[in-house]
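K.L.:
Given chain A, put chain B in place with the hints provided.
Just so you know, the protein sequences line up as chains A and B, in that order.
If you want my numbering, it's the position in the first sequence, counting the first as 1, plus 4.
If you want my numbering, it's the position in the second sequence, counting the first as 1, plus 89.
Careful, some of the hints might be misleading.
[As the list claims (entries may be wrong)] DMTMM-like mimics (lysine to aspartate or glutamate), calculated; alpha carbons at most 25 Å apart, straight line:
1. B:866 / A:40
2. A:77 / B:607
3. B:534 / B:558
4. A:77 / B:512
5. B:403 / B:550
6. B:736 / B:808
7. A:77 / B:508
8. B:736 / B:825
9. B:403 / B:392
10. B:866 / A:15
11. B:643 / B:653
12. B:471 / B:638
13. B:659 / B:638
14. A:77 / B:605
15. B:866 / B:689
16. A:77 / B:808
17. B:866 / A:107
18. B:866 / A:39
19. B:534 / B:808
20. B:866 / A:16
21. A:77 / A:89
22. A:77 / B:550
23. A:77 / B:674
24. B:866 / B:638
Note that these hints are calculated values from the structure, not bench results.
This structure is a prediction, so every number in the text was calculated from the model and none was measured.
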Amino acid sequence: MTQWTVVCRLDELVPERGVAALLDDRQVAVFRLHDDRVRAVGNHDPLSGANVLSRGLVGTRGGAAVVVSPMHKQAYSLDDGACLDADAAIPVYPARVRDGLVEVGLR
Amino acid sequence: MRLVVVGNGMVGQRFVEALAARDTERRWTVTVLAEEHRRAYDRVRLSAFFDGVTPDELTLAPPGVPSGVDIRLGEPAVAVDRAARVVRTAAGEYPYDALVFATGSRAFVPPVPGTDLPGCFVYRTLDDLEALRAFAAGRATGMVVGGGLLGLEAANALRLLGLRTSVVEFAPHLMPMQLDAAGGAMLRQRIEAMGIAVHVGTGVTGIAASPGGLRVAAGGDLAFDTDVVVFAAGVRPRDELARAAGLAVGERGGILVDDTCRTADEAVWAIGECAAVDGRCYGLVAPGYAMADVVVDRLLGGEARFGRADTSTKLKLLGIDVASFGAATGPLDAVYADPAHGLYAKLVLSDDAQTLLGGILVGDASAYGVLRAAVGGPVPGKLADFLSSGAPDVALPGDAQVCSCNNVTKDAVLGAIHDGCADVPAIKACTRAGTTCGSCVPLLKSLLAEAGVAQSTALCEHFAYSRQELFDLIRVRGVRTFSALVAEYGTGRGCDVCKPVVASILASLGNGHILDGEQAALQDTNDHFLANLQRDGTYSVVPRIPGGEIVPEKLIVIGEVARDFGLYTKITGGQRIDLFGARVEQLPAIWRRLVDAGFESGHAYGKALRTVKSCVGSTWCRYGVQDSVGLAVALELRYRGLRAPHKIKSAVSGCARECAEARSKDFGVIATESGWNLYVGGNGGFRPRHADLFLSDLSTDDLVRTIDRFLMFYIRTADRLQRTAAWIEGLDGGLDYLRAVIVDDSLGICADLDAAMARHIDSYADEWRAVLEDPEKLRRFVSFVNAPGTPDPSISFVRERGQPVPARQQPVSLGIPEVRR
Numbered sequence: 005m006t007q008w009t010v011v012c013r014l015d016e017l018v019p020e021r022g023v024a025a026l027l028d029d030r031q032v033a034v035f036r037l038h039d040d041r042v043r044a045v046g047n048h049d050p051l052s053g054a055n056v057l058s059r060g061l062v063g064t065r066g067g068a069a070v071v072v073s074p075m076h077k078q079a080y081s082l083d084d085g086a087c088l089d090a091d092a093a094i095p096v097y098p099a100r101v102r103d104g105l106v107e108v109g110l111r
Numbered sequence: 090m091r092l093v094v095v096g097n098g099m100v101g102q103r104f105v106e107a108l109a110a111r112d113t114e115r116r117w118t119v120t121v122l123a124e125e126h127r128r129a130y131d132r133v134r135l136s137a138f139f140d141g142v143t144p145d146e147l148t149l150a151p152p153g154v155p156s157g158v159d160i161r162l163g164e165p166a167v168a169v170d171r172a173a174r175v176v177r178t179a180a181g182e183y184p185y186d187a188l189v190f191a192t193g194s195r196a197f198v199p200p201v202p203g204t205d206l207p208g209c210f211v212y213r214t215l216d217d218l219e220a221l222r223a224f225a226a227g228r229a230t231g232m233v234v235g236g237g238l239l240g241l242e243a244a245n246a247l248r249l250l251g252l253r254t255s256v257v258e259f260a261p262h263l264m265p266m267q268l269d270a271a272g273g274a275m276l277r278q279r280i281e282a283m284g285i286a287v288h289v290g291t292g293v294t295g296i297a298a299s300p301g302g303l304r305v306a307a308g309g310d311l312a313f314d315t316d317v318v319v320f321a322a323g324v325r326p327r328d329e330l331a332r333a334a335g336l337a338v339g340e341r342g343g344i345l346v347d348d349t350c351r352t353a354d355e356a357v358w359a360i361g362e363c364a365a366v367d368g369r370c371y372g373l374v375a376p377g378y379a380m381a382d383v384v385v386d387r388l389l390g391g392e393a394r395f396g397r398a399d400t401s402t403k404l405k406l407l408g409i410d411v412a413s414f415g416a417a418t419g420p421l422d423a424v425y426a427d428p429a430h431g432l433y434a435k436l437v438l439s440d441d442a443q444t445l446l447g448g449i450l451v452g453d454a455s456a457y458g459v460l461r462a463a464v465g466g467p468v469p470g471k472l473a474d475f476l477s478s479g480a481p482d483v484a485l486p487g488d489a490q491v492c493s494c495n496n497v498t499k500d501a502v503l504g505a506i507h508d509g510c511a512d513v514p515a516i517k518a519c520t521r522a523g524t525t526c527g528s529c530v531p532l533l534k535s536l537l538a539e540a541g542v543a544q545s546t547a548l549c550e551h552f553a554y555s556r557q558e559l560f561d562l563i564r565v566r567g568v569r570t571f572s573a574l575v576a577e578y579g580t581g582r583g584c585d586v587c588k589p590v591v592a593s594i595l596a597s598l599g600n601g602h603i604l605d606g607e608q609a610a611l612q613d614t615n616d617h618f619l620a621n622l623q624r625d626g627t628y629s630v631v632p633r634i635p636g637g638e639i640v641p642e643k644l645i646v647i648g649e650v651a652r653d654f655g656l657y658t659k660i661t662g663g664q665r666i667d668l669f670g671a672r673v674e675q676l677p678a679i680w681r682r683l684v685d686a687g688f689e690s691g692h693a694y695g696k697a698l699r700t701v702k703s704c705v706g707s708t709w710c711r712y713g714v715q716d717s718v719g720l721a722v723a724l725e726l727r728y729r730g731l732r733a734p735h736k737i738k739s740a741v742s743g744c745a746r747e748c749a750e751a752r753s754k755d756f757g758v759i760a761t762e763s764g765w766n767l768y769v770g771g772n773g774g775f776r777p778r779h780a781d782l783f784l785s786d787l788s789t790d791d792l793v794r795t796i797d798r799f800l801m802f803y804i805r806t807a808d809r810l811q812r813t814a815a816w817i818e819g820l821d822g823g824l825d826y827l828r829a830v831i832v833d834d835s836l837g838i839c840a841d842l843d844a845a846m847a848r849h850i851d852s853y854a855d856e857w858r859a860v861l862e863d864p865e866k867l868r869r870f871v872s873f874v875n876a877p878g879t880p881d882p883s884i885s886f887v888r889e890r891g892q893p894v895p896a897r898q899q900p901v902s903l904g905i906p907e908v909r910r
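Next up, chain B with everything else stripped away, as it sits in the complex:
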């Protein structure tokens, strides 16, 4: 049978060789019609021509011709008569039983004026290169249109020809098909260091002859004078012959074929860059080779199909290794960027950081093979291990940019670790590394490990479990007491670290009053006495004033209580009134007065919701757009008593002026014209942090449901004493992950979280009133067990600005740097 192959490029040659190798029975007689006058050559290495490699050295064809193959160089096909099954050339006609198009591509030249002027070239064939070399002799400057891989090849060629070279790329960065912005930027830096000017984000609008040569006009009124222009801005499939023969082409060109590479005409096939497999063209040689093998198999009766093409690329451009494999972007990145050495590497990971999706290597592509091979499977190791010539043990250099967003080097991170940062949130707080895109968080973890910082999640010496693990243990196993927990899962009798944690977990899971039974022994003193311990051993009482809204009668009661018990009063930052100087035995009597007036005391202590501040909102304010007070009151009453890994603060602002300072809160709400914006992860304190916008324009119902889940997920998964900000920063995937979990229910736990919050709300009871109603609990509020009528004689007050204050004013030694006055 007669087979005609149109084209003798790399793919056409591969096809002929593969067929010759497999068609041992010589079923096919092959005629190859080649446009060029030379046998197939390695177009991928085309630029080597300018390095002195001869065309003969680039040839792909072995000496001689396989038997049964007739290669007709310089005899391009000019027409195909499908009805007659004949291919015509200028010299004759070639009948076929099967026809394979392997016509490849032509260079794309932008449709602007002047591209046909002398000095304009394309970069496609050895003939093009020879013409370019001839023209460039004795000239000074050259410009390449196109900053993709072909354009950079061409730029190198011009440079090797001795021209002062520049590159114009329409996309915002170099190699837009393969690289991300950071990789493109790194490449640009290295190329510019070679003296090649790079202009990105601008397109050529026209070329005109000028006295000195050519004038290239580009977007933004740019103009460049040059002697030579090389168009290397991509390729277009050579499908004109097929079109003329009535074969369908893809939307973007290319001969339309199915996944067997066959056109609608069962005798006609197309392979390589001219083929649009299911509509898609591939500008790389590897998919072309795969297509050639498919058609060979089919012609010999096989069943091969073209599968998913590997578009991975590894090149040496201007002496710089560049590789891209798999996906160039994805949910998570591990990034290494070292501008000092022009190195950039990125691994694209699945959202759980377990699967390698792809990556980019600039400057050092030695790990390309192993990494490309690992795409789709588990991440084969730390990115750091694949750098530096692929040597698995070689560490990152100290000046390696660990966090490219915030320009934090490895040395800076190690310095922070040396200064005591023992986990990722601490490093983030200290260096800002990892706080923007979060992509370097895995690297931070590996640096911690490298520095020998044990990432133990053990709560304390009594439990080898993290808080989250303990939470799950207690929840799933239904543990109800500390004794049972420590007996089964811990050692010793607990301490001031694990006991309050377990108390908090038990409270979060709804275990009755916090002073019931054994739980009483777990509570920190503030929780144990339901008030705030002050420096002299007295307590302060802070009646709950939800949203900061209070009626005059209650305000008067607070004044009366303070007066009658001799308490110092101060208005707090949480829109409450704090009453100081209550002795432990006075607390029940104070609560009684408050309860009788319709108050409850409030959680100004403990790891629980504190207050929900508000501005006055639309009720009074002429700028307010929503009822911020009403929402704040509702939120405070909803979440009061909720025990958490750390204190939780909130605020609601009635308009964008943000008078309630909601963005400094763990969850803050700011009214919009159409609803509420929810911000999460803010805090004041030692390291102030603004909350980040989580969701916009929520209805009140959606807002509340989202906050419910946010709080419950935080309570279940955060570490001990971890505010929401650090918790979110510690989540792999950060806010996006959090949205996935509590908005999109990616873990399928939202119903559970909702139910847990509903249980909390339903079971909430006034903890202070409960003490008043329980003689057993009430009995603990005495000064001395053997002298309950005697106040602590060491407590005394002096008056200052008309109020009582502790008489003793001695410095307090804290575990943090002391401030001396």
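Next up, chain A with everything else stripped away, as it sits in the complex:
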């Protein structure tokens, strides 16, 4: 069963940018898309080993929403966590907006 945790208000997020959030001991990168949907993935960039994905640029690659690691520019799908440029993947977490609050789900 999904445990929803509030991380911030939606209006604290800049559209098409992310923030890092700490859920238990997990670092999560939370993004606000241009249409105010939200996405949450692991903040850890498996290719560089640094917790930096929340600081990556958000955009589209062939129509899919992606975040690009600020370290070495690999793109990760915000929908399924797959790396589009290397054999790697990041965890994806459910995320939603309720009453102007951004919630991330952990199982």
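P.N.:
Showing chain B alone in chain A's frame:
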């Protein structure tokens, strides 16, 4: 009416025939006085005589004589009495109502001793050739004085006569009137391959009889023994008769006529090689024919004038096709040189490469007709398409020398393309082709196209525009946001390629703070956090130290900040001090300390001006000639914050010893006794490149204005991530073009560039201080949005050589070959 024509060469004959054809009413009764004993013959094909063609086969005159024409062979005119309007010969007098000189030229013989010795000949008439043939029989060696087209004809003649032949040419290369150095060199190579010795850049100083024949002395203490000497070093107009008659001649000889070919005496005309039309003589038959037609027209009451002469030439010399048409040199060249096959072709183009100005063909002149016809208009196609017998589709052979300056073959270029070079700058970097004169750049482009490398200028999948096009769109349409831009001119929501580009363009156009509004979402992480991301996710802070000059109090502050925040410190190559290991939430506090001490943080990141290094200059250095530190400080403060397609580095050296290494910078300044030398296009990095001298001995004002324009033009027109070196190399016309634009204002944009730089300077504000003063921006500098007091627990340090360094040392996988230790 009575017309006397003096001379029955090619032009005189053409004149007589044209008049006969057009004077249907027989208004003119014509007398031709000819020096030679034979009717006009094809002097252009004179050498065919030695190929076995008989004089009769060379004759130009049709059998019989047109009615009303009296041709008197072997009866040269000896005097003209203009007052009486009579021409005298040894045999009689010929009154005229109109007189046409068509006396042609004589061979030029250098005024040196011995040219009248037996064995010395000129190469002008069939009689000359017959005498030469008679003398050469049974002899072994011959030398031709003159390496122009006539000289090479003569060399061929000697060769056909069985003589071991050499050519002496005073100019530095063969056929100096028609060819450039490279074409001349190619011709020389082919001629030497036939066993003809070629000596260029030396003149004959005298000829003496020697026991074995003749000894020819030449410049540089050269001496050649030979049996036969042929003078074929040009011609001089036969104007002696006209001079004696009191007619004016040109500065270099020739009977002076106007553009109707009439002398100052309205009854007297001159055509062909003896005429100096408005002072200029033409040594080719085509302009002579044109003059003949003009005079015919005038004599029949017409209004014809001699226009611009086409001095195009196409010849077969020693079996080698040689052609030149239009201009032999010009702003841009497309050059093909293939030494293996003795082929050389050059198209001379206007500076925008759109107009054909002329060209040279050696070895294969089959495209001469179409190319000559195209002079003055659009370039009719790729040079490559005109080679190989003019077949439009035939590609260059693989061993074709694409870049003659650096001896790069087509195969080498194709190899580079195969290895991943996708544009001209990449090919230049890889092969050096196109890096010297730049003339083969169009060829490189066509090779890229030929290899199927799509030269898409699209920035990324979201924009079909190049960076320059986007820049112009944003500037001209006044676009202020990425959303508006991508909605109208792009697709999707952008990416890590186009967003920073647009962010940079917006910043270059002065769009407020880089984190204002939507721009915040466009910035790469370094710009977003105004610091340099390091491998462990921390940042480094590099306080600006303009010119590398710093007072002790500030130096102490940097030390205190580093100590208090536990930062690793290192002195950089840009004459600054880098403070490493700052967590994102620490950045504002560090900036606060720096701002309070009178610093701003600095752009050690981002596509912007980094630093302007300097040596200590004339202030202290006993060799310095200018205040390099003062200038460096001024330049760094002037251009700080300027967003560009790539990083920009600079340096100022106070003397020619160049301690600041200015020539490794995008723009470097080196002091001279009288000012500053400006160098542009240097860089270190993966492919180091020295900057090229752009302008010399500039005043400080001129220097700064030039740099302003250089930077703004670069910012407006370069591709994404294109350093200045590649940008300049990619400009058709290179440095000369750049000078034309930003010095001579050839595009009329300098005022605009100046204004843009002025706006940048006026609007510059300390970006870090602005963050400190804006709670909305400041709010983003937290470790975790839901736990702002908790530092990233994954960041930890160990100590190394007394300083903190990241605890984690794992290899980084880069997109470039990995270095394993």
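K.L.:
Look at each hint and say if it fits the structure.
P.N.:
Against the structure, the hints:
1. B:866 / A:40: holds (20 Å)
2. A:77 / B:607: The given pair, whose Cα atoms are some 21 Å apart, holds under the 25 Å limit.
3. B:534 / B:558: Distance of about 20 Å is within 25 Å: holds.
4. A:77 / B:512: holds (23 Å)
5. B:403 / B:550: Roughly 52 Å between the alpha carbons, so the hint for residue 403 (chain B) and residue 550 (chain B) is violated.
6. B:736 / B:808: Holds, at about 13 Å.
7. A:77 / B:508: holds (23 Å)
8. B:736 / B:825: Given that 25 Å is the threshold and the Cα spacing comes to 24 Å, the pair holds.
9. B:403 / B:392: violated (30 Å)
10. B:866 / A:15: holds (13 Å)
11. B:643 / B:653: holds (15 Å)
12. B:471 / B:638: violated (54 Å)
13. B:659 / B:638: holds (16 Å)
14. A:77 / B:605: holds (24 Å)
15. B:866 / B:689: holds (17 Å)
16. A:77 / B:808: Cα-Cα ~19 Å, so holds.
17. B:866 / A:107: Given that 25 Å is the threshold and the Cα spacing comes to 23 Å, the pair holds.
18. B:866 / A:39: Roughly 22 Å separates the two Cα atoms, so the pair holds.
19. B:534 / B:808: holds (17 Å)
20. B:866 / A:16: holds (11 Å)
21. A:77 / A:89: holds (9 Å)
22. A:77 / B:550: Given pair residue 77 (chain A), residue 550 (chain B) holds - Cα atoms ~16 Å apart, limit 25 Å.
23. A:77 / B:674: Distance of about 23 Å is within 25 Å: holds.
24. B:866 / B:638: violated (31 Å)
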